[in-house]
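S.K.: Put the complex together from the two separate chains, hints included.
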Amino acid sequence: MDWLLFFIQTLNGIQYGLLLFLIASGLSIVFGVMGVINLAHGSFYMIGAYLAFTLSELTGSLFYAILLGIPITMLLGFFVERFFIVHLYHRDHLQQVLLTFGLILIFNELQQILWGGDPHAVPMPAVLTGSFPLSDTLSYPVYRFFLSAVCLGMSIVMYLVLKHTRFGMRIRAGASNRTMIEALGINIRFLYSLVFAIGVALAGVAGMLAAPVETVYPGMGEQILIVSFVVVVIGGIGSIRGAFIGALAIGLADVYGQVFLPDLASVAVYGVMAGVLLLRPSGLFGRGT
Amino acid sequence: MSNPDIITLKDVHTYYGASHVLRGMNLRLAPRSCLSLMGRNGMGKSTTIKTIMGIAKPRHGTVTIKGYNSNRWEPYVVAKAGIAYVPEEREIFPNLTVRENLLVAARLSVEGQDNWCLERILDLFPRLSERLNQWGNNLSGGEQQMLTIGRALMTNPDVLLLDEVTEGLAPIVREEIWSVIEAVKREGIATVIVDKNIGKLMMIADHHLVIVRGEVVFSGDSIELSAQTELLHQHLGV
Ligand SMILES: Nc1ncnc2c1ncn2[C@@H]1O[C@H](COP(=O)(O)OP(=O)(O)OP(=O)(O)O)[C@@H](O)[C@H]1O
Ligand SMILES: [Mg+2]
Numbered sequence: 001m002d003w004l005l006f007f008i009q010t011l012n013g014i015q016y017g018l019l020l021f022l023i024a025s026g027l028s029i030v031f032g033v034m035g036v037i038n039l040a041h042g043s044f045y046m047i048g049a050y051l052a053f054t055l056s057e058l059t060g061s062l063f064y065a066i067l068l069g070i071p072i073t074m075l076l077g078f079f080v081e082r083f084f085i086v087h088l089y090h091r092d093h094l095q096q097v098l099l100t101f102g103l104i105l106i107f108n109e110l111q112q113i114l115w116g117g118d119p120h121a122v123p124m125p126a127v128l129t130g131s132f133p134l135s136d137t138l139s140y141p142v143y144r145f146f147l148s149a150v151c152l153g154m155s156i157v158m159y160l161v162l163k164h165t166r167f168g169m170r171i172r173a174g175a176s177n178r179t180m181i182e183a184l185g186i187n188i189r190f191l192y193s194l195v196f197a198i199g200v201a202l203a204g205v206a207g208m209l210a211a212p213v214e215t216v217y218p219g220m221g222e223q224i225l226i227v228s229f230v231v232v233v234i235g236g237i238g239s240i241r242g243a244f245i246g247a248l249a250i251g252l253a254d255v256y257g258q259v260f261l262p263d264l265a266s267v268a269v270y271g272v273m274a275g276v277l278l279l280r281p282s283g284l285f286g287r288g289t
Numbered sequence: 001m002s003n004p005d006i007i008t009l010k011d012v013h014t015y016y017g018a019s020h021v022l023r024g025m026n027l028r029l030a031p032r033s034c035l036s037l038m039g040r041n042g043m044g045k046s047t048t049i050k051t052i053m054g055i056a057k058p059r060h061g062t063v064t065i066k067g068y069n070s071n072r073w074e075p076y077v078v079a080k081a082g083i084a085y086v087p088e089e090r091e092i093f094p095n096l097t098v099r100e101n102l103l104v105a106a107r108l109s110v111e112g113q114d115n116w117c118l119e120r121i122l123d124l125f126p127r128l129s130e131r132l133n134q135w136g137n138n139l140s141g142g143e144q145q146m147l148t149i150g151r152a153l154m155t156n157p158d159v160l161l162l163d164e165v166t167e168g169l170a171p172i173v174r175e176e177i178w179s180v181i182e183a184v185k186r187e188g189i190a191t192v193i194v195d196k197n198i199g200k201l202m203m204i205a206d207h208h209l210v211i212v213r214g215e216v217v218f219s220g221d222s223i224e225l226s227a228q229t230e231l232l233h234q235h236l237g238v
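Which chain is which? The protein sequence lines are P and W, in order.
Read in the working numbering, the first sequence has 63 at position 63, and its numbers run on one by one without any break.
Read in the working numbering, the second sequence has 126 at position 126, and its numbers run on one by one without any break.
Treat the hints with caution; some may be incorrect.
To give a feel for the contact side, a few chain P residues facing chain W, derived at Cβ under 7 Å [stated by the list, open to error]: (1) 57; (2) 176; (3) 177; (4) 183.
To be clear, the hints were calculated from the coordinates, so they are not data collected in a lab.
Keep in mind it's a predicted model, so treat the numbers as computed, not measured.
The C-beta atom is built at its ideal place from N, Cα and C for all residues, glycine as well.
If we strip away everything but chain W, and leave its shape as in the complex, we get (with noise of 0.2 Å):
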């Protein structure tokens, strides 16, 4: 049976330790599609992340990427079907120079090709070729970000997990990533987005989840979000 999502949550239980966070997720994820997660902190938005990374392993339920039960796949195995990670704790590696961190992660996609080499990713975050020699721990938030987004894409994946990648940054940074974010959905490349900002979600993603402790209490696109004006307020703060 051929599924045409490229992930999908069913009934996810994720605990950590004896804290019980994901409560019966549940997702799709089309290809070349935008899904944007929502909801106040703590709901659950990152373990989601992390579930489909098998960085964080689901108790009960499954999940699927291409197709395959994945609730027992190790990170790399994970990464190598394509599914790239930008995490919310940046998690550059220190004692790499920028050249280095995004040399690691390069690989061809599942179907061979290199369309993300790094002269690209400098072309995309010319501030970066600036730095190439420097160690990753010297850079200032913002080329952080960009190094890792950039290390993300050399990885040429299907899909692109990105938690929170705007947190904290200047208002022209934030704008110089949204961007990228929307080159990279030109692209095909499909996108998981954890964001505060609302208002550019509704804009960028095709379709919407609200996560409240751990379960999905709305599931839709921008026109059906926007007329929720109730669920707005409560779980979103708007």
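If we strip away everything but chain P, and leave its shape as in the complex, we get (with noise of 0.2 Å):
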């Protein structure tokens, strides 16, 4: 019994893992290819729960809800990008956090107007509501299910854009000489304006995916952020093993903390990344200095 619960928040915990993933690839590929510290990615978590939430009321269902958040986190990313984080990519990282925490309150203080202060709860999709029993007590949603699979999938599909399309490799090959790739004809610009809009999307996609399971609420954004540049720090800045990786360990030392050591659950992340960090400083794949 004891290992079914365990089980169980195994699940939990590479669940977690699994939606982490989503926001920290996105910190961690603007962080490494950009050079940019996006203080404001977990904005675009909040934004995507609270469009789950608007979207769904309105078209009926999570499904249709996601469908048209996509397009909509994407071009808030092209416009954040084109508007705001053009001007950081030649500055110094102070620069860049003072204007990313500014996005914050901006996208703070728009979601009090738009929103308001009070939680929201977001329906599921009828198919996915229902649970799988694992013993006469103990069962698993199938929505959580549902949750890791497309997370899972989301990451094979970005692990193999990275790999193996023309795409991935001008990725990689400027996140280590921008100018080489440029006087090759590649239009960087665009190319990071791109992998930005994209990076939004994934953290948006991520806060509409986890609206039914979190509740949406004010501040939900900078609890994510946190947590996702735990992930960064761990795998490696720029690295998308290293942030798969940490994603998980992190999900686990989370969901594990909460279970096993409740006293100390508030610091079992960081007990995970201060661990990894006194081996390895520069994280579990990064370039080193």
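M.R.: Okay, structure coming up:
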């Protein structure tokens, strides 16, 4: 019986980890490829969740909400990159932190104006409301399986795109030598916009997918941002593989911490980070200095 | 008005911050021709090439590519116009494999042709085909140089800018690279070559410029240049 409980917690940890990966991967690429620390990345998660709330009320289904939400968050990403982030590429980290912190304040204010301070629940699609029985008393919700499967599917697609397409090759090449990739005829400005917009859409989708399990509340962006930064630091800045492993480690650490070490739950995540950094100061797959 | 030259620089001044590097540079590159840029260290040969590429922006004067003023073109626009760049520092992508370093550059020529596919590059540089799946930074100096030239050719260019491509290589490897440059020239690709080997340049290039502190002090063909013993001695150390 204990083992079954452990199994369920493990599934929860993996699910949380996969969700974290969608957010942290964008953060890590934007940091690694463009050299920008984007504190507002968590806001896109929050915006995704609120979009899921409004759009599923309007359309009657979370599925349609997500289908509409993806282009909306991508457009938002394009807009934010073109008008704000573009000014940060050649600036130092302090200025990046200041501007993107300002963006958090703006997004939070907009959130208050548009949606107010109350938390909202988002219904899950009817077909996903059931749960799989695991024993007489324990079961596992179908929606969480669905969530994990979608996140895993998106992670695999992301891997294949980065590893095996021309677009992915260009992103990797641009991460190591921006001038040279431009001199080969690639419009790096446009590539950056696209990468940023995709990162925003990934965080937005994570928010939309999480909405039915997390409830939608003000401040959810900051909470996830901090954990995502922990993931990026553990994995090594700019490393997608690192972000994946870091996200799973943090997902499991968080869930196990709450169950097995309730007194230390709030520091479990940081304990993992400290441990990794002691052994590998530039993260699991970091390039080192 | 049609301009027969692929690239021209007219009274071009390029700066790095406050330091004035090109001081009225003039240059003309005819289609299918080979132009050499000579001069001692720090005279502005690489800066001339970077100015053509749009990597360094001219502050005064006019750069034209195929008849268009390209002063403000970003490097990717220059590349799309058919100009390929082999930089002095090689600039291999270390986190891409050899195959990816080549494929990432692949594009059709301005006229829509694919003369230089991967197979052809590998025929030209058989050593690269043994290294296709290695990381770019695991190559010897000679292999890296072959890779940068191969990468530039993958863009199917009309013009190839070669900045000290034989520098620091073993003699046999140099020979191999020179013969590739000659093959490229026979193919009808115009080239701008910077190199320390003046003897080779005299044989290959149709026209030479000697640059001193960002200005052209001599312009002429190989016969004219070899007559300038004083100039050769003073500015090229020959
Ligand atoms: N990025 C830069 N910033 C500031 N100064 C530079 C920069 N690049 C080159 N310079 C300076 O500009 C001058 C011309 O440099 P350039 O690289 O064009 O010379 P070069 O003729 O190619 O010399 P070499 O034979 O050493 O390659 C030199 O004095 C050099 O120190
Ligand atoms: Mg030079």
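S.K.: Each hint: holds or not?
M.R.: The hints, checked one at a time:
The restraint placing residue 57 of chain P at the interface with chain W is violated, with a minimum CB-CB distance near 44 Å, outside the 7 Å limit. With a least beta-carbon distance of about 5 Å to chain W, the hint placing residue 176 of chain P at the interface is held under the 7 Å criterion. Residue-level restraint check for residue 177 of chain P holds (minimum Cβ-Cβ distance to chain W is 6 Å; threshold 7 Å). Checking residue 183 of chain P against chain W: minimum C-beta separation of about 5 Å stays under 7 Å; hint holds.
In terms of the numbered hints stated before, the structure departs from hint 1 and from no other.
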